[in-house]
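Novice: Once you've looked at the hints, dock chain B against the given chain A.
Protein chains in written order, with numbering that gives the first Met the number 0: chain A, 0 to 314; chain B, 0 to 91.
Since the hints were made in silico from the structure, they are not lab data. Glycine included, every Cβ here is placed at the ideal spot set by N, Cα and C. Check before you lean on any hint, since a few could be wrong.
Ranges between beta-carbon positions, derived for each pair [to be verified]:
#1 A:166 x B:17: 47 to 55 Å
#2 B:60 x A:106: 35 to 43 Å
#3 A:188 x B:17: 15 to 23 Å
#4 B:77 x A:2: 52 to 60 Å
#5 A:166 x B:15: 33 to 41 Å
#6 A:108 x B:17: 43 to 51 Å
#7 A:299 x B:49: 45 to 53 Å
#8 A:98 x B:68: 40 to 48 Å
#9 A:144 x B:43: 37 to 45 Å
#10 B:77 x A:132: 48 to 56 Å
Rough simulated footprint, nothing fancy, chain B against chain A, three-plus residues with beta-carbon under 8 Å [unchecked claim]:
#11 119 to 133
#12 220 to 233
With a straight-line cut-off of 20 Å between C-alpha atoms, the simulated DMTMM-like cross-links for lysine to aspartate or glutamate are [said to hold, decoys possible]:
#13 A:273 x B:3
#14 B:18 x B:61
#15 B:18 x A:228
#16 A:270 x B:61
#17 A:191 x A:132
#18 B:18 x A:305
#19 A:270 x B:17
#20 A:82 x A:136
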Amino acid sequence: MRYANLIDSVGHTPLVGLPRLSPSPDVRLWAKLEDRNPTGSIKDRAALAMIERAEAEGLLRPGCTILEPTSGNTGISLAMVAKLRGYRIVCVMPENTSEERRQLLRMWGAEIVSSPAAGGSNEAVRVAKRIAEEHPDWVMLYQYGNTANAEAHFRGTGPEILEDLPEVTHFVGGLGTTGTLMGVGRFFREAKPEVRIVAAEPRYGELVYGLRNLDEGFVPELYDPQYIDARFSVGPRDAVRRVRELLESEGIFAGISTGAILHAALAQAAKAVKAGESADIAFVIADGGWKYLSTGAYEGTVDEAEERLEGQLWA
Amino acid sequence: MAIEVRVPTILRTYTSGEKNVSAAGESVSALIEDLEVNHAGIKDRLVEGGQPRRFVNIYVNDEDIRFSGGLETPLSDGDVVVILPAVAGGSR
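If we strip away everything but chain A, and leave its shape as in the complex, we get:
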């Protein structure tokens, strides 16, 4: 496949069958390899769509500064596009994110503002909103509320899956900004409403939730439960176990959040087998494992890995 430049190559990722993880010939799992995007994650889609929308609306002009709360992938994607399009970028990032993500952000030219570990991404959002008030000329694309994020999946990820797998029965994706699930969910509600949309949400340790006040929680503005049929909370132990299984049986080296997504996908597969139904379950490989090697998730026993992930934002 030939493209005029790197940005044009975002999307159109392969969908690969997983014959060894699929429980039966009638219940099949399919992995959408989003790690094949230019910076190695599904976030290239949302980042490009948000920047292009802001350019079209006249918000972003060469020389502008982009501000974004991100614990990694979105920031990396935005930094790549920003570099090629001539914008400065400042990322607000929780301090308990992996070193690889920080180095990558710096390499692509992003400036990093650290937010306190306690409170995780919620805190990064809060800090970014405060900085935005101090710098009214900066452009916060705000992935949690920017409809261009979901739109990228409505126009890209969803149609690509249906084209490659017309018999698809389930879509399983990770729930963070909710952009992927909102976009793909809305696409299938229109194009093939019988497709079940399943969300896998990472469940962190106490440090991340510790101080959250139940009256001031965070639900991304993009989130609309009508596009989701089931929602699973997956802890680090299951995520690690599955991400190792994915490499062991299918040779795919994915990031830890993909382990959580696979866990939910396998639960759907088991349900279909039990009900005697056939199923074609497409799920997202959100990124590769490279950025998470230093977390210790890929070495030693599952117990050890689980312990090391305590307090880290692993997804």
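Specialist: Frame of chain A; chain B shown alone:
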């Protein structure tokens, strides 16, 4: 019938600091009534107008009850109920 309930830090003032408590009930709403008997005040933090509070997520065996029957989601012996505050996603 015993159901294990995992309580987030913010609600442990109602459970004398306990992280895991045991309760009984045929459904999530019955379970919350049972929790209220031993941990007065906790129900009000979980439920508002007959629905789970907006920023509270309740999971039965890792599945969010909002998509599996809400407070009427049935429970059986050995189920694990996790209560968590809603938070923003991870590597986004």
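Novice: Kindly indicate which numbered hints from before are broken by the structure, ordering the numbers from low to high.
Specialist: Of the numbered hints, 3, 5, 9, 13, 15, 17 and 19 do not hold.
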